[in-house]
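Since the structure of chain A is provided, determine the placement of chain B on it from the hints.
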Amino acid sequence: MAAAEKKDDKNNVVAKLLGNNLTWSVVALIALIIICTIVDHQFLNLSWNDNTGGLAGPLITMLQESARYLMIATGMTLVISTAGIDLSVGSVMAVAGATAMQLLTNGTNVWVAILVALAIGLVIGSVNGVLVSILGLQPFITTLIMMLAGRGIAKVITSGENTDASQVAGGEPLRWMANGFILGIPANFVIALVIVIAVGLVSRKTAMGMMIESVGINQEASRMTGINPRKILFLVYAISGVLAAIAGLFATASVMRVDVVKTGQDLEMYAILAVVIGGTSLLGGKFSLAGSALGAVIIAMIRKTIITLGVDSAATPAFFAAVVIIICVMQAPKVHNLSAELKRKRALKDSQKAVAA
Amino acid sequence: MTDKQPIVVMKGITIEFPGVKALDGVNLRLFPGEVHALMGENGAGKSTMIKALTGVYKIDAGSITVDGKPTQLNGTLDAQNAGIATVYQEVNLCTNLSIGENVMLGHEKRGPFGIDWKKTHAEARKHLAKMGLDHLNPRAPLSSISIAMQQLVAIARAMVIDAKVLILDEPTSSLDANEVQDLFAIMRKVRDSGVAILFVSHFLDQIYEITDRLTILRNGQFIKEVMTKETPRDELIGMMIGKSAAELSQIGAKKARREIKPGEKPVVTIKQLGRKGQIEPTNQDVYAGEVVGFAGLLGSGRTELGRLMFGADKPDHGEYMLNGKKVNIDSPYVALKNGIAYSTENRRDEGIVADLTVRQNMLIALQAIRGMFNPIPKKEADEIVDKYMKELNVRPPDPNKLIKNLSGGNQQKVLIARWLAIQPKLLILDEPTRGIDIGAKAEIQQKVLELAAEGMGVVFISSELEEVVRLSDTITVLKDHKKIADIVNDDTVSQATIVETIANSGKEA
Chain A
1 MAAAEKKDDK NNVVAKLLGN NLTWSVVALI ALIIICTIVD HQFLNLSWND NTGGLAGPLI
61 TMLQESARYL MIATGMTLVI STAGIDLSVG SVMAVAGATA MQLLTNGTNV WVAILVALAI
121 GLVIGSVNGV LVSILGLQPF ITTLIMMLAG RGIAKVITSG ENTDASQVAG GEPLRWMANG
181 FILGIPANFV IALVIVIAVG LVSRKTAMGM MIESVGINQE ASRMTGINPR KILFLVYAIS
241 GVLAAIAGLF ATASVMRVDV VKTGQDLEMY AILAVVIGGT SLLGGKFSLA GSALGAVIIA
301 MIRKTIITLG VDSAATPAFF AAVVIIICVM QAPKVHNLSA ELKRKRALKD SQKAVAA
Chain B
1 MTDKQPIVVM KGITIEFPGV KALDGVNLRL FPGEVHALMG ENGAGKSTMI KALTGVYKID
61 AGSITVDGKP TQLNGTLDAQ NAGIATVYQE VNLCTNLSIG ENVMLGHEKR GPFGIDWKKT
121 HAEARKHLAK MGLDHLNPRA PLSSISIAMQ QLVAIARAMV IDAKVLILDE PTSSLDANEV
181 QDLFAIMRKV RDSGVAILFV SHFLDQIYEI TDRLTILRNG QFIKEVMTKE TPRDELIGMM
241 IGKSAAELSQ IGAKKARREI KPGEKPVVTI KQLGRKGQIE PTNQDVYAGE VVGFAGLLGS
301 GRTELGRLMF GADKPDHGEY MLNGKKVNID SPYVALKNGI AYSTENRRDE GIVADLTVRQ
361 NMLIALQAIR GMFNPIPKKE ADEIVDKYMK ELNVRPPDPN KLIKNLSGGN QQKVLIARWL
421 AIQPKLLILD EPTRGIDIGA KAEIQQKVLE LAAEGMGVVF ISSELEEVVR LSDTITVLKD
481 HKKIADIVND DTVSQATIVE TIANSGKEA
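So the sequences go chain by chain: A and B. According to the UniProt record's numbering, the residues represented by the first sequence are 1 to 357, in order. According to the UniProt record's numbering, the residues represented by the second sequence are 1 to 509, in order.
No wet-lab data here; the hints were simulated from the structure. It is possible that some hints are incorrect.
In silico DSSO-like cross-links for lysine-lysine, where the CA-CA straight-line distance does not exceed 30 Å [what the hints assert, rightly or not]:
1) Lys390(B) with Lys205(A)
2) Lys21(B) with Lys286(A)
3) Lys231(A) with Lys401(B)
4) Lys58(B) with Lys334(A)
5) Lys349(A) with Lys21(B)
6) Lys231(A) with Lys425(B)
7) Lys334(A) with Lys286(A)
8) Lys447(B) with Lys404(B)
9) Lys69(B) with Lys345(A)
10) Lys314(B) with Lys231(A)
11) Lys286(A) with Lys404(B)
12) Lys343(A) with Lys353(A)
13) Lys334(A) with Lys401(B)
14) Lys58(B) with Lys345(A)
15) Lys325(B) with Lys231(A)
16) Lys224(B) with Lys189(B)
17) Lys11(B) with Lys69(B)
18) Lys425(B) with Lys337(B)
Since the structure is predicted, the reported quantities are computational estimates derived from the model, not experimental observations.
Next up, chain A with everything else stripped away, as it sits in the complex (with noise of 0.2 Å):
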């Protein structure tokens, strides 16, 4: 009877875990890191790098990347919970990057010209949420017309230049924040992180979650609970700003040079990727934040698999929604149920017989 029991206990345990989300997600980065793995036999090695001060090797070049995936996915988490979406979050990297770059190359401070740049991606997230909350506009066309006219705005930044700032002094800190180490570790990443933890402790802690969520469930209803939807829906659009501005700085950092054209360029797609991947509905409602960074480090999982198979170039972008594509079909509770689903079939086409017999 115990025994019976204590199996009973098992098996659910196993079904939740399959039910779950995230391990179809860490399922899919496991097996993506075994497969580069096989194909070149250093990719888990590890070296100490005494040059940077950290690790280094495929995988903390990987995280290196993630970095920016973890700052627009956390960011688009909260838009879509409220059955939002930002269309501008690549463009908004690119503005930032660009307003950074100039002011360096103009000789401002590196901290003014960071907290330009996120002052930046703050006002274009700004502009969304009003239009969005108050105006009542549709968040697909709002942060549509953002990315088309980010683009623009960076180009003006620039005068149409892809500003470069890696020679002029002083943009140590910007440049240590993406390419620097903090215990060896990659420190844009640990910055990442420490963003993303922060969000997920702040909207779970405080209310702020939970009323993002009723409001991407049902406007209306939140509204007569006293929730203000405006106040809600402009909070996540100022958040998703200023996180894709800081991803700009990641992006440009790294190179120290903006490139108005690719910073940021289809960025918002991976976004959307990882939010999905991370199991958080497109039509609103419960969000799951770490879901969602899991996603954004498999998307650059990813990229960095592309690289180590050596996928031609022009198949990656098939390569890439291939993957994207496999991880959403086992998350589907619907292949989950198949096994049990057959079963009943058959059961079914048995009892017929009989009645037929």
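Chain B alone, transformed into the frame defined by chain A:
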């Protein structure tokens, strides 16, 4: 009658949700040419049973036989193919399409150039005529007819597939008496054509008027199948709630009136409060411990006045006084801050936050007025949730369940708990007992009386005059977006008094 073969036999149906058995070995037989009612309280498993029969839920054990053949229903399409048609509680038609398009949706007549709309509409007219709805123009938009008519159209639509079984899940909850008779006329027509009808309603009068056979469920278990004619009401209620009817009748008596002492100040006074097109400028006092009933037909302005008093809609006229002080109630947040709460009649769209838990739904209003970054301490939250789960007898007693998985009556209790958690001075309840069963209804009515006795001002809005008369101290009668009378509810007042007031005011005007 006994030699008839049932068209549907459901045997030993068991459905488990994570943590609960929603149904446990339930049987149901539907006979052709009979109206069969599924009876039970909220949470008894009626909706789950219907969803099993319509293929929405998969059964975990038991068998379903349709026309003598074991059948697996894996989706609504399977159910349709098996001849099972459903009209849900909330009409699910497309209001932007024409009546005919709605009737024929998915069964349009085709010609050489795609859909032949002329033929389709002619066919629609035929189907409508079969239901006695020949006065409807199939080309008129569905939104041009009343909700009640839309429901009848939904039945016509369901019968297009030559259904053998027609399921009507609480079709009468938003209909008035005449509309119910129209519906019953159609139900009889459908029944006489040999269709088995499965009917769910919370109105006992309707059950006794239209049904032939009853299956009673309680807490997901099968209690009994009986013939309606052979079952007295008290026996039926007893089976449904597992209690004697005598226990229930205690609160059936009219509430003793709370006398307003001379010189007493009202909690809330509105002066000429109004909003164009919704409610004309209205005066109203609500005293502490008083229950003010709002009576009137659908569209009389009773809901609009309630919403205005809560700031859900912004008034464009008039004054609002709270304990003698002027306030500007222009949003639900301000109303709640000032201790005014409003429980909506539209539970699904404006009440519950479906994907949040019972606990979150209970605490959300209190949290909103405290502020986003000022979380309710866990201990206090636990106490509030625990208190109201018990006080209002919310079932299942697990606050961490998603509220969407609760039955209507229990959702309503959670919403009332949400408003009580802010300790309101004025509680406006809009149709708090609509669409919920006798047991939960009695509990909610009892709670209203208790709250008033504790000194809360209550506005009680209901389309059921019986409960308005029984619970209220004063009755405000509304008609055509206007308050037409204040009735002091003494022993001489009955439902008839209100009906007369409404009828007579029309004549004078």
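Exercise. Give me the numbers of the hints this structure contradicts, sorted from smallest to largest.
Key: none
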